[in-house]
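Colleague: Residue strings, one per chain:
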Amino acid sequence: MAEVILEKWQQAVSTVNIGATRADGGSRSHVVKVGGESTLPFLFSEGSLPNRPVIAFELCDIVPADWPQELASAYGAGFGDPLSWAQKCVKEYQAKILCLRLQGAHPDFGNKSAEEEAGLISALLKKVDVPLIILGCGDDAKDNLVLPAVCQAAKGERCLIGEAVQDNYKTLVASVLADGHNIIAQSPIDINIAKQLNILISDMGLALEKIVINPTIGALGYGLEYAYSIMERSRLAALAGDKTMACPFIAYVGQEAWRAKEARAEAGQGIIWEMLTATALIQAGADILVMRHPLAVEKANNYIEELMRTNGV
Amino acid sequence: MALSGLDIYKLLPKTNCRECGFVTCLAFAMALAKKSISIDKCPYLTPEAKKALEESSLPPIKLVTLGTGENKLEVGNESVMFRHEEKFHHPCGLGFIIEDSLKDAEIKERLERINKLKFERVGQALNVSLAAIRQNGEAKRFREAVKLAADNTNLALALMSSDLAAIRPALELIKERRPLIYSAAKDNLAEMAKLAKEFKAALVVSAPELEALSGLAKELSNQGVNDLILEIGKKSISARIWDLTQQRRQALKKSIRSLGYPSLVVVDEKDPYEETIQAATYISKYAGIVLIKGIEPWQALSLLTLRQNIYTDPQKPLQIEPNLYAVGQANEKSPVLVTTNFSLTYYTVLGEVEASKVPAYVISVDTEGMSVLTAWAAEKFTPEKITEALNKFGVKDKVSRTRLIIPGYVAVLSGDLEDKSGWQILVGPKEASGIPSFLKNL
Ligand code: SF4
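Top line first, the protein sequences correspond to chains A and B. Sequence positions in the first sequence follow the working numbering and run 200 to 512. Sequence positions in the second sequence follow the working numbering and run 142 to 583.
Treat the hints with caution; some may be incorrect.
[What the hints assert, rightly or not] Pairs of lysine-lysine, DSBU-like flavour, derived with a Cα cap of 30 Å:
id	chain 1	residue 1	chain 2	residue 2
1	B	Lys394	B	Lys288
2	B	Lys376	A	Lys295
3	B	Lys411	A	Lys290
No lab work stands behind these hints, which were simulated from the structure alone.
The following block holds chain A by itself, in its conformation from the complex (with noise of 0.2 Å):
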């Protein structure tokens, strides 16, 4: 055997950090480091991976419409109430970061008010001290009279909003770097759009630095090697040296795991199905992982532990 090989990367990809502490004007406990890398999934040999991928545990602000029974018993009594509902991913799952999700926004889902959001956000910074990702229900206006209120309420506590898409990102981009938060550019399994994106979104004075990339991914089974692939594509480019590529990238995992036929055919396979599309996008790649499972949380968890022990035998 000839020496090892190694590549000469050009670059690292951004870090995120998310969430401020009272040192940083906020109030979290503390902050939530993402990206970062300087070579591919898990090569310590070859670079540096100073920031392990995080699970934030998704959750919503009504009743969600499309989970099933499953996933609804796994957190009980709490389920649909977001603060009880959060409260109980802290406190019993040790949950470091939570993803929710404003679908209550949206007209179809009841509607609620920018008011009734930006005051749900603010009692959730009371309740827990984790920092937060907050997406928007998906419907263009109204997130754009919802998501300015919300970042608003969060001021200061540099969380991560979403989604800025090509056809309306000027609105949220604006609240985003007014209210001192990170945001998530949508790019549909496309490279290009995803970096044109970026420079939009830096064009409007919001430093690459502060997003995180969402390439859209399929479920094991449902498109899960596009996204795969996509995640590889855009890693390699980023490390050779496109800054416009070099952000972390965040995966809803539970929303798309959980849509699968094999996920709600059979009980316990719906963890399964979102533990194996955490674990393949984990290895293209992944910084941010929204699950929605408490065991398919705690699994993944440990293999990412596993993973980060970098001198092992």
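Using the hints provided, position chain B with the ligand relative to the given structure of chain A.
Modeller: Structure of chain B with the ligand alone, referenced to chain A:
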């Protein structure tokens, strides 16, 4: 690594004697580079040049075959580090370790359960590959367990033992089945090589580090054993990923022959979830064979699904033949749905139509394997294309009512499609999961 025409030219006599049928050595070299002629045509090649040329035309990672007939497993022949660069060629084999210390009835039961691990997804059969018998005690017991396996499964077999006195009699039993021997190591190399040759078996060679492994593989190859599979001893997951990555880099980028073989990983993990997660990791990262102990159907289904995803050709998404498909006892009163010919889309729709218990027709339009939205964006799922499919498959002659259900995501096509096709258009649900209630309330 393939040599260029100029690289080959440097190895030729450069006398332009024309005996090969080419005017110059350079012309012959160019033909060789294109693989359109055999090197034997030049009678003046030095033995060294010949060896170099032969080696350069070998694939960088050898294709190794185990088992026979329908249950043959081929691994190796990989050519890229990342699937998007071309594709991963030979899906990783998934095998199950069975301890010979189990009672006969338990071994039989396990084999029966392993035989049943067969699934179908998006029109492809998903199968497991290997039954691996592991020795825990006496040679005699090992032979009995191998006999049980041979009699109760057609899967390829692996013999897990380093006890030469146990392996030989076991090999005698299954010599026709092209088994895998696990494993040769530094201290039994010569004996294992002899057995592998004698029984035409593939051989796993193990070492604690890549460097040592490379040395052992080279020695085996010098002894004429070339159907090798490489294994690095127990390490942390990340250390293994590094070794598997490094091994493939050495084989592909530096043409290191002694590492140009498929690799094998034994997952030794009691918790079935963690076992599955680790196996999934190695399926994604370059393993040719993964052996686990767990035989739960959910483990096999999820791992084989992952394997299918990773080994799908990125340039050629799985497609089905564009056609009109009848679901259930479809008749002239049945509804007609249209979708694309991307397998995943089609089978998802098909599954939901079946679940609705409403007999129906499903048209798959030739969208070159693209999903609904992608095809729509790429203009492969247009009013013209859909109209063409309606005519081509003679859908009018099958049903009395010309009413077509289109996917909710392409509702915008309605007006145009109605004009072009003359059919009444009904916008169906966006997600396939909405189909059953949609059809029932039609
Ligand atoms: S036979 Fe060999 S030496 Fe003669 S021209 Fe052909 S390549 Fe050259």
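Colleague: Now tell me, hint by hint, if it's right for this structure.
Modeller: Results for each hint:
About 43 Å separates the Cα atoms of Lys394(B) and Lys288(B), which puts this hinted pair outside 30 Å; it is violated. Between the alpha carbons of Lys376(B) and Lys295(A) the distance comes to roughly 29 Å, so the proposed pair stays at or under 30 Å and holds. Only pairs whose Cα atoms come within 30 Å are accepted, and Lys411(B) paired with Lys290(A) is accepted, the gap being roughly 28 Å.
Checked against the numbered hints given earlier, this structure breaks only hint 1.
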